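Novice: Using the sequences and the accompanying hints, generate a full structural model.
Given next are the chains, with one letter for each unit.
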Amino acid sequence: MNDAAITARIQAVFPDVQPATTPNAQPRLCVPAATLPALARFLLDQPDLAFTSLMDLTGYDLAKYPSTPPSDAIRVVYLLHSLCHLHKLALWVDAPRASPVVPSVAGIWPAAIYFEREVFDLLGVRFDGHPSLHRILCPDDWIGHPLRKDYVYPAEYLGVAHLREGQHFESGPVRG
Amino acid sequence: MTIEALTPAGELMKLSMGPQHPATHGVLRIVVECDGEVVTNCTPDHGYLHRSIEKIGECIEWPLFVPYTDRVDYVCAMNANLAYCLAVEKLLATDPANRVVIPRRAECIRVLVAELNRISSHLVAVGSMAMDVGAYTPFLHGIAQREVVNDIFERLCGQRLTYNYVTIGGVAFDLHESAPAEITRFLDEFERAMVKLNKLVTTNAIFRERCAGVAPVTADEAIAWGLVGPNLRGSGVDWDLRRDEPYGLYGELGVRVPVGDRFAGRRGVRGDCYDRYVVRLLEMQESVRLCRETLKLLPPAAKEKADPIGGHQFDVSKLLRKPPKGEVHCRTEAPRGEMGYFLVSDGTKVPYRVRVRTGSFSAAGIFHRVMRGAFLADVVAIIGSFDVVVPEIDR
Amino acid sequence: MAEPIRPGNALDEQIHLTAVDEFLAWGKEHSLFYLLFATACCGIELMQAGGPRYDVDRLGMIPRATPRQADLMIVAGTITHKMASRVRTLWEQMSEPRWVVSMGSCANSGGPFSKWSYSVLNGVDKYIPVDVYIPGCPPRPEALIDGVMALRERVRRYRTSGERDATPYLVAGGDCAFGGHPGKDDGSGGEPKR
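Protein chains in written order, with the numbering used here: chain A, 1 to 176; chain B, 1 to 395; chain C, 1 to 194.
Read the hints as simulated data drawn from the structure, not as lab findings.
Among these hints, one or two may not hold up.
[Claimed, not checked] Computed list of lysine-lysine pairs in DSBU-like fashion (alpha-carbon distance at most 35 Å, straight line):
(1) A:Lys-88 <-> B:Lys-325
(2) B:Lys-90 <-> B:Lys-318
(3) B:Lys-318 <-> A:Lys-88
(4) A:Lys-149 <-> C:Lys-115
(5) B:Lys-322 <-> C:Lys-115
(6) B:Lys-322 <-> B:Lys-349
(7) C:Lys-126 <-> B:Lys-14
(8) B:Lys-318 <-> C:Lys-115
These figures come from a predicted structure and were not determined experimentally.
Specialist: See the structure below:
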């Protein structure tokens, strides 16, 4: 199926899913967090969709992304692929930065167990229903979520200085 | 390695393997709980090599990130360079006004270096797997061949391990004149070495029995758990991005894809350690063929052109000051499977988000599942057969 | 018939007189067992240095899997904050006298990760004392061997005179685009200090 057909097929069942495009015209589907588990199950189980493989699950912080209106959310991106029909789909789930919570899809695609742990670690998104949601890359006592745009670099860890003399990252790297 | 009794009588024990352990291929830590010899639970502990490469991507300009891709997977740095450069080229191409033309000679060189590096990466994988199960010599045979590839790359770009060779728009340097002859000589020599390696390891009864039927992964499981590359094909899934989503020159070359098929015989199960091992061997043979085919296609060096290999295109560097705003996802077939770059651009010269999806990361995700019920001695064979490289997991 | 003259037949060619300390130092110098410990990219070069072409075995360097049997720790690769305390533990588990070679820019100073990374330690010398620094990203096996040769001289001197050099040895040059040589900060250009 092509992108338009997949979108039509999904919207017939889930009317609150909105099609969107990135500024460089890549098709995406905006999914409300509450709809995600049912939609994911639907995408996997329907024989004509059969999105068997989760290519990637990642996210990024929209805080400094130049969009109108400015968004205050963390966007979780699901990239799906069907090995039998060879079609692809990308989902966006936006979660508010203050307390980002997204339902877990680990029960549907087990590959998501690690991916969601990583997104939790680096961006601080909580995945509801994840079997063991804890940090995967940073140490357990690490402060903050490094890939957030307002992340402050640690001055020291376990008593050893991280930054050199004269180096300071108070509001993250300067963009531009 | 520390041991700790979980029950007073000591039937259940907890073993902490790593982060310094010769068989964990770097700084991977695996906490194994076992009942006697049988593993009852296994918890991998990652992050000992988390170097925040994705954060660095958000701090420096688009072309300057290429050296860091080397360090995402240093065993196959050429493939890692290529994956990122293809992704950025794809991002530039999403604006139809942009035209990024990669010279054909550069396309050929890209395939050549990627396939040579695939061979040298699989040599390390195969050699260290043999070493993990107790055979030290095959590893040295692998290293000896790898040195030859390193020599070729060193003459090409001056580095032995982290190349920074593939650039956005082409490759950094042209092939030296004697390179095709050197590569052909290496391929001939390598094929002879493969025969020796097969005699030493592949057909070795001890090695085969050691790996046959250990930690089988079914095809459905492999897809669901996100296994990619040789690990996926070892389970019998016929999927290779070089053939099924061809990029660069691969569409013309026609890649033949080996899949796991109970190579260990009677004792084997499809998708066991031995299948994953043999798929890597067969892939090396296929890479040899691809290199030979590419050398035939290689156009002669255009001396009169200023930039015959596209590595220093002024247009590209201008585009990279102001790339199209938006997202792009591009995946390539690296030796450890799909290496997918998810790039987000906000239209400035610095990426907004650089995400790398690597094969080892998802392979590590299935460890706790395949190791349950395996013997303690098989743990190292399982790690070896999945060919995880720690910087790919931790990045 | 005269006895044929064979080399090594004379008494002074078969018997060497030396002090016990000198003899032990000679033995120690030629049997630096190193800890098989690779954290990152440099680990591959360390493996290749142990491979057939560079063959550090001929220098008496044999990899040991446990720190208790090792004299020398080659810190090959990036040390993150999470790893650093483990490196310290491994170093403490080695028996005295222990020697440390910091291999590669990451272990020297954080290398390419020193500026923007939030998780990489800016040099392993914040946790353990280092005897030899080898620049490069990664250093060639020849550079590693150069560092080891310098270390052997120190081992011999320590064994004979009991003096241990406090100033680390810096291997010159290196093929690193990222710098990361601790000696480079003082403007010396990383000249070796023998």
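Novice: With reference to the structure, classify each hint as holding or not holding.
Specialist: For each hint, the structure was consulted:
| no. | hint | result |
| --- | --- | --- |
| 1 | A:Lys-88 <-> B:Lys-325 | 21 Å, holds |
| 2 | B:Lys-90 <-> B:Lys-318 | 16 Å, holds |
| 3 | B:Lys-318 <-> A:Lys-88 | 32 Å, holds |
| 4 | A:Lys-149 <-> C:Lys-115 | 17 Å, holds |
| 5 | B:Lys-322 <-> C:Lys-115 | 24 Å, holds |
| 6 | B:Lys-322 <-> B:Lys-349 | 6 Å, holds |
| 7 | C:Lys-126 <-> B:Lys-14 | 32 Å, holds |
| 8 | B:Lys-318 <-> C:Lys-115 | 26 Å, holds |
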